[in-house]
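Asker: Single-letter residue listing:
Protein chains: 2
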Amino acid sequence: MKTMNRILNSKWLVSGVSLTLGTGIGAGLVGLKKANESPIRETLSDIYNRIPIIPIPNVDAATDLNKYHTGQVGTARATEIMKYGFPALTHIKNRESYVLSYDPRNRTAQWVIEQLNIPNLTGESDRKCSEFKEDDSVHVYHRSTNWDYKGSGFDRGHLAAAANHKWNQKAMDETFYLSNTAPQNPHLNQKAWNGLEKYCRSLTRHYQNVFVCTGPLYLPRTEADGKMYVKYQVIGKNNVAVPTHFFKVVILEKRSGEVELRSYVMPNAPVDENTPLERFLVPVESIERASGLLFVTNIMKRTSSLRAITAGGK
Amino acid sequence: MKTMNRILNSKWLVSGVSLTLGTGIGAGLVGLKKANESPIRETLSDIYNRIPIIPIPNVDAATDLNKYHTGQVGTARATEIMKYGFPALTHIKNRESYVLSYDPRNRTAQWVIEQLNIPNLTGESDRKCSEFKEDDSVHVYHRSTNWDYKGSGFDRGHLAAAANHKWNQKAMDETFYLSNTAPQNPHLNQKAWNGLEKYCRSLTRHYQNVFVCTGPLYLPRTEADGKMYVKYQVIGKNNVAVPTHFFKVVILEKRSGEVELRSYVMPNAPVDENTPLERFLVPVESIERASGLLFVTNIMKRTSSLRAITAGGK
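The listed protein sequences correspond, in order, to chains A and B.
Count along the first sequence starting at 1, add 265, and that's the number in my numbering.
Count along the second sequence starting at 1, add 265, and that's the number in my numbering.
Be careful, since some hints might not be right.
No copy is singled out in the list; a pair is fine if it fits within one copy or between any two copies.
[To be verified] Dumping the calculated DSS-like pairs for lysine-lysine here, alpha-carbon to alpha-carbon at most 30 angstroms:
{"hint": "1", "residue 1": "K566", "residue 2": "K348"}
{"hint": "2", "residue 1": "K431", "residue 2": "K348"}
{"hint": "3", "residue 1": "K566", "residue 2": "K463"}
{"hint": "4", "residue 1": "K393", "residue 2": "K496"}
{"hint": "5", "residue 1": "K496", "residue 2": "K398"}
{"hint": "6", "residue 1": "K348", "residue 2": "K463"}
{"hint": "7", "residue 1": "K398", "residue 2": "K502"}
{"hint": "8", "residue 1": "K348", "residue 2": "K398"}
{"hint": "9", "residue 1": "K492", "residue 2": "K463"}
{"hint": "10", "residue 1": "K348", "residue 2": "K435"}
{"hint": "11", "residue 1": "K456", "residue 2": "K496"}
{"hint": "12", "residue 1": "K398", "residue 2": "K492"}
{"hint": "13", "residue 1": "K415", "residue 2": "K496"}
{"hint": "14", "residue 1": "K415", "residue 2": "K492"}
{"hint": "15", "residue 1": "K348", "residue 2": "K519"}
{"hint": "16", "residue 1": "K492", "residue 2": "K456"}
{"hint": "17", "residue 1": "K519", "residue 2": "K393"}
{"hint": "18", "residue 1": "K435", "residue 2": "K463"}
Keep in mind that the hints were calculated from the coordinates and are not lab data.
All values reported here derive from a predicted model rather than from experimental measurement.
Put together the whole structure using the sequences plus the hints.
Answerer: Dropping the structure here:
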């Protein structure tokens, strides 16, 4: 299918794991096995060992660094090296409806996490009362504006969806910050992606909690010279990055404490909305490798029962 | 000149400020004026107002988030949203010779800061005793390896330079972590970039301290369709990003407390090593916009006397 070929052409091939759709190759995941098999926790210890407790310095890090234990070097020297401050720290935005990490180089979010449940989806909030607005908590050098999108041919595609936050007008309004949008193909935004968002909401009927992490991807592809390139458009005066793909990692929490994981990728292009959503399921490892993010290790700290749903599973 | 045209073709044009070389357009900087004029501090207040104190959550952020004041939302809700952990936090590596922020998506550093002074440049350490090695503090999904570089045509270009850390073999060894390298054109690495590194070292004879921040850039350029694209090669099984350009922001500290700033950009391509280094001076604002980083606001917290050196200045 055209949709699938687009994604497959991106060839996100790392360590022999490709971003293959509809083939249920989740068995390649560390610490995860196919649906209907219990997870093996032991194999995760290797990963834990590779992830040190990274010290996250405070904003005035040059003076506060001494408070953090790095285990590697006397901090007096680091404090001296960093005398003139950290050029960047994690840009976490903590809002009513979501928590977001901003990518100041690409002028869009790196990831946004929301929590969906029936109370949050219910209410009188109306998106007609909301307006897209600049996020003035982002430095003006790294902020996107409505003008950047104007005439670009791209929608201001919500990452945390407006309709997920009907419970509170402020919560809905905050999904209209442009830090929570990315340039998105209008057909995708209005059809297949919208379908995926609706599906996520429908899952609240069967699960106690639905956590959704959404973000952009910038996937490489092989060009005529046989080499691989990442290539993406940037729009407007502020050069807002147009992602090549979008992902959603859906963490489903049952009353029993069992956790299920469904991970989707769609290309930032028209997608036939009649394609079954299962065709966009990918192994979460593909998203972890491509995005620079990690999900499984964090989830495994909170549950001893994780099941990854891949195509071919439930 | 060919070198300059390459950079100019990238056309990093934001708010009418282009990454122009050799024209001394530093006057466009907020809070900075041309060399030989005293800085205006008042205009910086606008910037300070736009930069909130960003809460940096600890690694176990889901439970620790309550400790941070966001001023925006009750943290109980954020704690709930983030129940399954943060997919990424700042990846700070704190080493003998440098402090580094890692970019797990591009498998190279986002920035590296070193402190150069005569004692650090002096010693018996020998790069022949050092070997390029994987940084096993980076998750295996996001780590570059020697194999990635093999046959790629690119050098493992040091960001923090080995020769800056002769004082201690361990400090020198740590510059050989592949997290401190990026794929670099061999001619650039061995000629013009090496010349810039030597120049930075020579500045220690005239300044009490020399702080150098080095990093990659991924600059957009206009293509035949009239649209702007960011395009860069990725190499090896781990898709290590090949930067289009490299920057160095050099913070020079005088005994008097006065601070000077010199900011350079070179394309990741052969550059005539006889080109005067002043030709690669750019307004620091260009680097701040393109990289997603901020330097001036931090520096202004430590000094009331900042002078930006642009071509045409001293």
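Asker: All hints are to be evaluated individually against the structure, with a verdict given for each.
Answerer: Hints versus structure:
1. In this assembly of identical chains, K566 and K348 lie within 30 angstroms of each other by CA distance solely across copies; the values are 10 angstroms between and 36 angstroms within a copy.
2. For the identical chains of this complex, K431 and K348 are inter-copy neighbours only, at 21 angstroms across copies versus 46 angstroms inside a copy, given an alpha-carbon limit of 30 angstroms.
3. Only within a single protomer do K566 and K463 lie at most 30 angstroms apart by alpha-carbon distance; the minimum there is 29 angstroms, versus 48 angstroms between protomers.
4. For a Cα distance limit of 30 angstroms, the shortest separation of K393 from K496 qualifies neither inside one copy, at 35 angstroms, nor across copies, at 38 angstroms.
5. Proximity of K496 to K398 under the C-alpha cut-off of 30 angstroms is found in both arrangements, the shortest distances being 27 angstroms within a copy and 29 angstroms between copies.
6. In this homomeric assembly, K348 and K463 come within 30 angstroms of each other (Cα to Cα) only across copies, at 22 angstroms, whereas the closest approach inside a single copy is 49 angstroms.
7. Taking the shortest Cα distances, K398 and K502 sit within 30 angstroms of each other inside one copy (16 angstroms), while across copies they are farther apart (40 angstroms).
8. In this assembly of identical chains, K348 and K398 lie within 30 angstroms of each other by CA distance solely across copies; the values are 28 angstroms between and 35 angstroms within a copy.
9. In this assembly of identical chains, the alpha carbons of K492 and K463 never lie at most 30 angstroms apart, being 38 angstroms within a copy and 33 angstroms across copies at closest.
10. In this assembly of identical chains, K348 and K435 lie within 30 angstroms of each other by CA distance solely across copies; the values are 22 angstroms between and 39 angstroms within a copy.
11. For the identical chains of this complex, K456 and K496 are neighbours both inside a copy (25 angstroms) and across copies (29 angstroms), given an alpha-carbon limit of 30 angstroms.
12. In this homomeric assembly, K398 and K492 come within 30 angstroms of each other (Cα to Cα) only across copies, at 24 angstroms, whereas the closest approach inside a single copy is 40 angstroms.
13. With identical chains, the CA atoms of K415 and K496 are at most 30 angstroms apart both within one copy (22 angstroms) and between copies (23 angstroms).
14. Taking the shortest alpha-carbon separations for K415 and K492, only the inter-copy value of 14 angstroms comes in at or below 30 angstroms, while the best intra-copy value is 34 angstroms.
15. Within a single copy, K348 and K519 get their C-alpha atoms only as close as 48 angstroms, which misses the 30 angstroms cut-off; across copies the closest is 14 angstroms, which meets it.
16. For the identical chains of this complex, K492 and K456 are inter-copy neighbours only, at 26 angstroms across copies versus 33 angstroms inside a copy, given an alpha-carbon limit of 30 angstroms.
17. In the homo-oligomer, the alpha carbons of K519 and K393 never lie at most 30 angstroms apart, since the shortest distance is 34 angstroms inside one protomer and 57 angstroms across protomers.
18. Taking the shortest alpha-carbon separations for K435 and K463, only the intra-copy value of 21 angstroms comes in at or below 30 angstroms, while the best inter-copy value is 55 angstroms.
Hints 4, 9, 17 from the earlier list are contradicted by this structure; the remaining hints agree with it.
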